[in-house]
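Using the sequences and the accompanying hints, generate a full structural model.
Keeping their order, the protein sequence lines are chains P and A. If you use our numbering, the first sequence corresponds to residues 15 to 300, in order. If you use our numbering, the second sequence corresponds to residues 938 to 1090, in order.
Since the hints were derived computationally from the structure, they do not count as laboratory data. Among the clues, some could well be false.
[What the hints assert, rightly or not] Reference listing, derived: stretches of chain A covered by chain P, where coverage requires no fewer than 3 residues with Cβ under 8 Å from a Cβ of chain P:
(1) 988-999
(2) 1013-1022
(3) 1071-1083
[As the list claims (entries may be wrong)] Over 10 Å on every C-beta distance to chain P, these chain A residues come out as not near it, computed from the model:
(4) G946
(5) R949
(6) Q950
(7) E956
(8) R965
(9) E1030
(10) A1031
(11) G1032
(12) G1037
(13) P1057
(14) D1059
(15) A1087
(16) R1090
We put the CB at the ideal spot given by N, CA and C, even for glycine.
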Amino acid sequence: MDFLRPETLAEALELKAARPDAVPIAGGTDVMVELNFDHRRPAALLDLTRIPELREWSDGLRIGSGVPYVRIIDELGAQLPGLAMAARTVGSPQIRNRGTVGGNLGAASPAGDTHPVLLASDAVIEVASVRGTRMIPAVDFYLGVKRNALEQDELIVAVHLAPAKGPQQFSKVGTRNAMVIAVCSFAISLFPEKNRVGAAVGSAAPTPRRAYEAEEFLASALDFSSPQPLLDSVKREFGELVSRAASPIDDVRGSAAYRKHALAVMARRTLGWAWQELLDGEQACA
Amino acid sequence: MRVNVTVNGEQRQADDVWEGESLLFVLRERLGLPGSKNACEQGECGSCTVYLDDVPVCACLVAAGQAQDRSVRTVEGLASGDQLDPVQEAFVEAGAVQCGFCTPGLVVAAHDLLNRVPSPSDPEIREALAGNLCRCTGYEKILDAVRLAASRR
Chain P
15 MDFLRPETLA EALELKAARP DAVPIAGGTD VMVELNFDHR RPAALLDLTR IPELREWSDG
75 LRIGSGVPYV RIIDELGAQL PGLAMAARTV GSPQIRNRGT VGGNLGAASP AGDTHPVLLA
135 SDAVIEVASV RGTRMIPAVD FYLGVKRNAL EQDELIVAVH LAPAKGPQQF SKVGTRNAMV
195 IAVCSFAISL FPEKNRVGAA VGSAAPTPRR AYEAEEFLAS ALDFSSPQPL LDSVKREFGE
255 LVSRAASPID DVRGSAAYRK HALAVMARRT LGWAWQELLD GEQACA
Chain A
938 MRVNVTVNGE QRQADDVWEG ESLLFVLRER LGLPGSKNAC EQGECGSCTV YLDDVPVCAC
998 LVAAGQAQDR SVRTVEGLAS GDQLDPVQEA FVEAGAVQCG FCTPGLVVAA HDLLNRVPSP
1058 SDPEIREALA GNLCRCTGYE KILDAVRLAA SRR
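Okay, structure coming up:
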């Protein structure tokens, strides 16, 4: 096995082009588990932790793929409350100190905690290779169970995510607070200026998935210009539509029926919280 | 491959390191520092917690090559000579150590918490230790130890 240690992004892209079999590693919270258990023996590891441009962000926001969760929580929470909420549910402090959104995207597990937020908030994934840069909307990024739109010579460089212009919420079901893989998860983003809603489910289909019908229903049912208290019937219908968007399986973490039920509950509750925030005229403060 | 890394303030060198090896293996098996414990090898238990450039991480999830030219502080590096760190003293006094396997990781995690939050609330202590499993104590004595260490700062 080779250990490749680029110092710049350009160098990393050259290496990835020359060695498409090299597995990128940043926080190591997924890759090292596979190595420790001998589930994977790649021909090379491509260490991305020495590349400064992957660990920075700029206004807009363009967040380097190697920014650890802890910094998203501590330093970007006010601008990206939904992403910060999801990041807070990742693993444990030690895992959040190392793990990155880029890693979540690279692994593309249907249970990855940040995926529903990225979908509900119209994130765009910036990937690069020596051939150039591609901007991939999150909704086109997830192709299957642990499969994403990345080509063999590409690396995930950044996530583009606009600062929240309205309330955002995230919810996750697990057996305890720390160190759990989601049984199922849900994210909602309100865009009052656009009369739009983003909604997405995690760990409840082969890929993280947007709940389009639920989004459309809410956009027509909500009056963003003069917000009134929500009718229970609206919350219930929204929950049902979110649940219907999922196609979960029975597995060790939960049954398909439970996941469907829990998603409807989470959708109702998070909508209630988000709408209340709008009524209170508060901007989410993570 | 060869890995050069500063460990507990000392420049160390490990040779014949396999490229897929973890920092934990290097510390325990190549550098003679068995304080950090090897248990789950998947970041679940926290018993291998060390500082990497002053940030607590699971050493089992750091590739050895990622530690090149970095600074690592293990549980062995917390005491000054024979003088235990106040967190270590508090663990002994509060009876927070039973079998002792989880102790090094918990001591490092608690040490980091008190550096960041000198007087943590109980929820803050619980959150800071959420990545460390203990199967003996039921955690109450560990919480006592962290409170005791905080009260002495």
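Each hint, compared with the structure:
Counting residues of the region 988-999 of chain A whose C-beta sits closer than 8 Å to any C-beta of chain P gives 7, which meets the bar of three, so the coverage hint holds. Against chain P, the region 1013-1022 of chain A contributes 0 residues with a C-beta closer than 8 Å to a partner C-beta. That does not satisfy the three-residue criterion, and the hint is violated. Evaluation of the coverage hint for the region 1071-1083 of chain A: breached, as 0 residues show C-beta separations to chain P shorter than 8 Å, against a requirement of three. Its beta-carbon lying about 21 Å from the closest one in chain P, G946 (chain A) satisfies the requirement of being farther than 10 Å from that chain.
Remark: the non-interface label on R949 (chain A) is consistent with the geometry, its nearest Cβ contact in chain P lying 18 Å away (cut-off 10 Å). At the 10 Å boundary, the C-beta of Q950 (chain A) stays outside the reach of chain P, the nearest C-beta of that chain being 16 Å off. With a least beta-carbon separation of about 4 Å from chain P, E956 (chain A) fails to lie farther than 10 Å from that chain, contradicting its non-interface assignment. Taking the minimum C-beta to C-beta distance to chain P, about 13 Å, the non-interface status of R965 (chain A) holds against the 10 Å cut.
Annotated as non-interface, E1030 (chain A) keeps its C-beta farther than 10 Å from every C-beta of chain P; the closest such distance is 25 Å. Every C-beta of chain P lies more than 10 Å from that of A1031 (chain A), the closest at about 21 Å, which supports listing it as non-interface. Listed as a non-interface residue, G1032 (chain A) keeps its Cβ farther than 10 Å from every Cβ of chain P; the least gap is roughly 24 Å. Annotated as non-interface, G1037 (chain A) keeps its C-beta farther than 10 Å from every C-beta of chain P; the closest such distance is 20 Å.
No Cβ of chain P comes within 10 Å of the Cβ of P1057 (chain A); the nearest lies about 12 Å off, and the non-interface call holds. Under the 10 Å C-beta cut-off, the non-interface status given to D1059 (chain A) relative to chain P holds; the minimum distance is some 14 Å. Distance to chain P confirms A1087 (chain A) as a non-interface residue, since its nearest Cβ pair spans about 17 Å, more than 10 Å. Under the 10 Å C-beta cut-off, the non-interface status given to R1090 (chain A) relative to chain P holds; the minimum distance is some 20 Å.
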